[in-house]
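**Student:** If you read the protein sequences in the order shown, they are chains A and B.
Just so we're aligned: 174 in numbering that gives the first Met the number 0 is position 175 of the first sequence, and the numbers increase by one with no gaps anywhere.
Just so we're aligned: 152 in numbering that gives the first Met the number 0 is position 153 of the second sequence, and the numbers increase by one with no gaps anywhere.
What the hints contain is simulated information worked out from the structure, not anything from laboratory work.
Ideal placement from N, C-alpha and C gives every residue a C-beta, glycine not left out.
You may find that some hints are simply not true.
[Claimed, not checked] Using 27 Å as the maximum straight-line C-alpha spacing, the simulated BS3-like pairs for lysine-lysine come out as follows: (1) B/LYS121 / A/LYS124; (2) A/LYS322 / B/LYS124; (3) A/LYS124 / B/LYS124; (4) A/LYS402 / A/LYS333; (5) A/LYS322 / A/LYS333.
[Said to hold, decoys possible] Computed footprint of chain B on chain A, listed as stretches where at least three residues anywhere in the stretch have a Cβ under 8 Å from a Cβ of chain B: (6) 114–125; (7) 130–140; (8) 157–170; (9) 197–207; (10) 243–253; (11) 312–326; (12) 340–354.
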Amino acid sequence: MDTERRRVVITGIGVVAPGSMGREGFWDMLTAGRTATRRITFFDPGPFRSQVAAEVDFDGVRLGLTAQEVHRNDRFVQMALVAADEAVADSGLSLGAGGGDDAPDPDRVGITLGSAVGATMRLEKEYVAVSDAGAHWLVDPRYASRFLHHALVPSCGATELAVRFGAHGPATVVSTGCTSGIDAVGYGSQLIEDGDADVVLSGASDAPISPISMACFDTIRATTACNSDPEHAAKPFDARRDGFVMGEGAAVLVLEELQHARRRGATIYCEVTGYANRCNAFHMTGLRPDGVEMAEAIGRALDQGRTDPAEVGYVNAHGSGTKQNDRHETAAVKRSLGPAAQQVAMSSIKSMVGHSLGAIGSIEIAATALAVHRGVLPPTANYEVPDPECDLDYVPNTAREQKVDVAISVGSGFGGFQSAIVLASASRRAS
Amino acid sequence: MSGLLVTGMGVVAPTGVGAEAHWASLLRGEPAIRPIQGFDPARYGISLAGQVLDFVPTDHVAPQLLVQTDRWTWMSLAAATLAAEDAGYDDPEDAYATSVFLAAGSGGNEFSQHEIQGLWAKGPKSVGAYQSIAWFYAASTGQISIRDGRKGPSGVVVSEGAGGLDSIGWARRVVRRGTPAVLVGGTEAGLCPYALLCTETSGRLSTAERAEDAYKPFDRRASGHVVGEGGAILLLEEADAARARGVQQVWGEVAGYGATHDAYHHEAPAPDATQYARAIRLSLADAGVTPEDVDLVVADAAGTPELDAHELQALASVFGRRRTPVPVTAPSSWTGRLMAGGSALNVATALLAMRDGIVPGIAHLDDPVEAEGVDLVQRTRVLDLEVVVVLARGFGGFNSSLVLRRHVGEEGAA
Chain A
0 MDTERRRVVI
10 TGIGVVAPGS
20 MGREGFWDML
30 TAGRTATRRI
40 TFFDPGPFRS
50 QVAAEVDFDG
60 VRLGLTAQEV
70 HRNDRFVQMA
80 LVAADEAVAD
90 SGLSLGAGGG
100 DDAPDPDRVG
110 ITLGSAVGAT
120 MRLEKEYVAV
130 SDAGAHWLVD
140 PRYASRFLHH
150 ALVPSCGATE
160 LAVRFGAHGP
170 ATVVSTGCTS
180 GIDAVGYGSQ
190 LIEDGDADVV
200 LSGASDAPIS
210 PISMACFDTI
220 RATTACNSDP
230 EHAAKPFDAR
240 RDGFVMGEGA
250 AVLVLEELQH
260 ARRRGATIYC
270 EVTGYANRCN
280 AFHMTGLRPD
290 GVEMAEAIGR
300 ALDQGRTDPA
310 EVGYVNAHGS
320 GTKQNDRHET
330 AAVKRSLGPA
340 AQQVAMSSIK
350 SMVGHSLGAI
360 GSIEIAATAL
370 AVHRGVLPPT
380 ANYEVPDPEC
390 DLDYVPNTAR
400 EQKVDVAISV
410 GSGFGGFQSA
420 IVLASASRRA
430 S
Chain B
0 MSGLLVTGMG
10 VVAPTGVGAE
20 AHWASLLRGE
30 PAIRPIQGFD
40 PARYGISLAG
50 QVLDFVPTDH
60 VAPQLLVQTD
70 RWTWMSLAAA
80 TLAAEDAGYD
90 DPEDAYATSV
100 FLAAGSGGNE
110 FSQHEIQGLW
120 AKGPKSVGAY
130 QSIAWFYAAS
140 TGQISIRDGR
150 KGPSGVVVSE
160 GAGGLDSIGW
170 ARRVVRRGTP
180 AVLVGGTEAG
190 LCPYALLCTE
200 TSGRLSTAER
210 AEDAYKPFDR
220 RASGHVVGEG
230 GAILLLEEAD
240 AARARGVQQV
250 WGEVAGYGAT
260 HDAYHHEAPA
270 PDATQYARAI
280 RLSLADAGVT
290 PEDVDLVVAD
300 AAGTPELDAH
310 ELQALASVFG
320 RRRTPVPVTA
330 PSSWTGRLMA
340 GGSALNVATA
350 LLAMRDGIVP
360 GIAHLDDPVE
370 AEGVDLVQRT
380 RVLDLEVVVV
390 LARGFGGFNS
400 SLVLRRHVGE
410 EGAA
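Next up, chain A with everything else stripped away, as it sits in the complex (with noise of 0.2 Å):
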């Protein structure tokens, strides 16, 4: 009965974004307009076609891990770790160990990790010492970290945040591509709703920025070429955009079943009121221009809620910028809102953070619900030249100060998967 339906809110927030520092700098950095792409300081970029990346300048020790967490973890993991600390801390809830009287059930807590690629950078690097740079297929064990393992099998990630916040409900990692950091949110508020779970952190990282993570998207000329400008080269829905910026980071939100944040007084960004996705079963990587399984996603994340299209006043873009992304997403917003497309206000955050596949997902629900709960929608930066195909609002360059009741964010990925979910102001839901 829709009375006993059990609903959702984000009750705290934690960010690890390129250019900034946790969830208040990453927010002033939106806010801002600014952007973190640069040229790569990884490694050497003179081989590579795309040789910028926005960048996370990232100790994991200096935000408060471990020396044994940092020596075993790749940096997804890590990255995760300290979004979740800071996630956790920002919900005042008491997890783990000593918690106290209001902490919630540990067999109540559960966690869904997003990530694209999991560990690629440390399985990348491990393997040019055990195989001598590429010299031997039969790689040598002697090289071979004790932790490689940890770093094949990306559920790890999951094991270290459960372990970090005492967590016993179901863990998973979710990894559907660049839309993992959406699906990831959404599992995780299917496992509340279904009434398995009061409290779930829910969030993506990955870590893409090395060789092989570049090198094949290269070959595909997905990133871009602005190699000359850094700075703009991430330009979506501009009729200049050449392909997307990769970058990296984490985001972790905790949701929790909407009484058991009452219950404690919890401040609340937002309600989670609906989670779709679909496939396009069409191409791996390619997109048909009409949007129609995007569409289709965003028309039943909205029922879910039973939303009218009306009431959307902000739609967190894709956006990667790659040329038929944009087109594609353009004309998904156009055939799920209708009439309403007209009005929406619509921006993308890589162009100041990049493309950091999965986990950019969470980020972008993490800058989404920021948006809703504080009544500023943040720009699509570089946005300089139109294009006739991409023809709605995009928040050019500056934020806006707007309230909205009813927030998307959408995102597509390789395999075809496309992901909506929507965020409605707490303040509407209670009325």
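Dock chain B against the given chain A, drawing on the hints supplied.
**Tutor:** Structure of chain B alone, referenced to chain A:
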């Protein structure tokens, strides 16, 4: 009628390609654990594996897809086709009515090793166009969706060895939200040099050189496990929808599911097995059955003395007060452990056992450990099966339990 039915299964396992070949091999008692072929593993201290030797990729996968994908995906594509054929599942008019929701453990290992090796030996231009779509964990799900035109809500979960069961747990949520059919399960292919080395660092592989010594779950001489490849994909259908399309066979019902995490240590299992036992109890409660109702448990059977002891402890905690000890078997002892593919394969094996009323015994179980309240099945046994529990654990503390129930309906059992 409501509920969730298994209406098709596709098996690609060391014991055979196709469910019946796999089952016949188990009933003949032919261990599929053999010396590793394809590369010399001597330097890793490992000599045995469960390889799928009679899998001919070109029999199952179109040439243009073969070059784009890893062996892991070849086996998934084959298993998905076998499952749909087994179910007599024609493409429904509504493309959104079918989902692909698989588990993955380690991705496109061999493909990726080639590409990383090429990159470091020869430079970025040696990396081919398909690396970006071949190795990532969603590759098999995406390729099946595209090849077969499945547009429903699809997903990929990673929880190491527990993944096969977890994909079923998540698929139930998809079905609850209105999608009537979901392909679940998964395969694994970790038998290239680098992936094997990675797995070896888990410290859980047996270094024994003879199959009868290498993977002996619940035996006093247990020394670890052997890696296997392959797995299974199953078609789950919401019962009303299955009936509406005139389903001809039903393997069984997915009756209950439970999942927990030890949250104890990044690799060591919780010594009290409390959360493992809780996962089993959750699944029984979900299915509305008591421990007395359970006719068989298909164990995770990790094959190290410590992990086996924890599993028996969890079983004793749940089933210890039964009037008779609960029968427990471990079909993975014949194939090696297939990570995410293994728990999916165990579901297929459990349903085959249910159909025929025959339980394969545990391979190489010569000297069983003390097991309170547990009846370790040493030899093939005839046993009427109504309710079977399948267990799985994932490295790091994932615990999952699935309850299968024999289907009673006019369609008749498979």
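**Student:** Does each hint hold? Answer for all of them.
**Tutor:** Comparing the hints with the structure gives:
1. A distance of roughly 16 Å separates the Cα atoms of B/LYS121 and A/LYS124; the hinted pair therefore holds under the 27 Å criterion.
2. At most 27 Å may separate the alpha-carbon atoms for a hinted pair to count; A/LYS322 and B/LYS124 meet this at roughly 23 Å.
3. For the hint linking A/LYS124 to B/LYS124, the alpha-carbon distance of about 19 Å falls within 27 Å, and the restraint holds.
4. Restraint check for A/LYS402 and A/LYS333: satisfied, since their Cα atoms lie roughly 21 Å apart, inside the 27 Å limit.
5. Simply put, A/LYS322 and A/LYS333 have alpha-carbon atoms about 17 Å apart, close enough for the 27 Å limit, and the pair holds.
6. Only residues whose C-beta sits within less than 8 Å of a C-beta in chain B count toward coverage, and the segment 114–125 of chain A has 5 of them, enough to reach three; the restraint holds.
7. Against chain B, the segment 130–140 of chain A contributes 9 residues with a C-beta closer than 8 Å to a partner C-beta. That satisfies the three-residue criterion, and the hint holds.
8. With a cut-off of 8 Å between beta carbons, the segment 157–170 of chain A has 12 residues touching chain B; three or more are needed, and the interface restraint holds.
9. Residues of the segment 197–207 of chain A with a Cβ under 8 Å from some Cβ of chain B number 0, which does not satisfy the need for three, so the listed coverage is violated.
10. With 0 residues bearing a CB less than 8 Å from a CB of chain B, the segment 243–253 of chain A misses the requirement of three and the coverage assertion fails.
11. Beta-carbon proximity to chain B at under 8 Å applies to 0 residues in the segment 312–326 of chain A; the threshold of 3 is not reached and the given coverage is violated.
12. Counting residues of the segment 340–354 of chain A whose beta carbon lies closer than 8 Å to any beta carbon of chain B gives 0, which falls short of the minimum of three for the stated coverage.
Checked against the numbered hints above, the structure breaks hints 9, 10, 11 and 12 and satisfies the rest.
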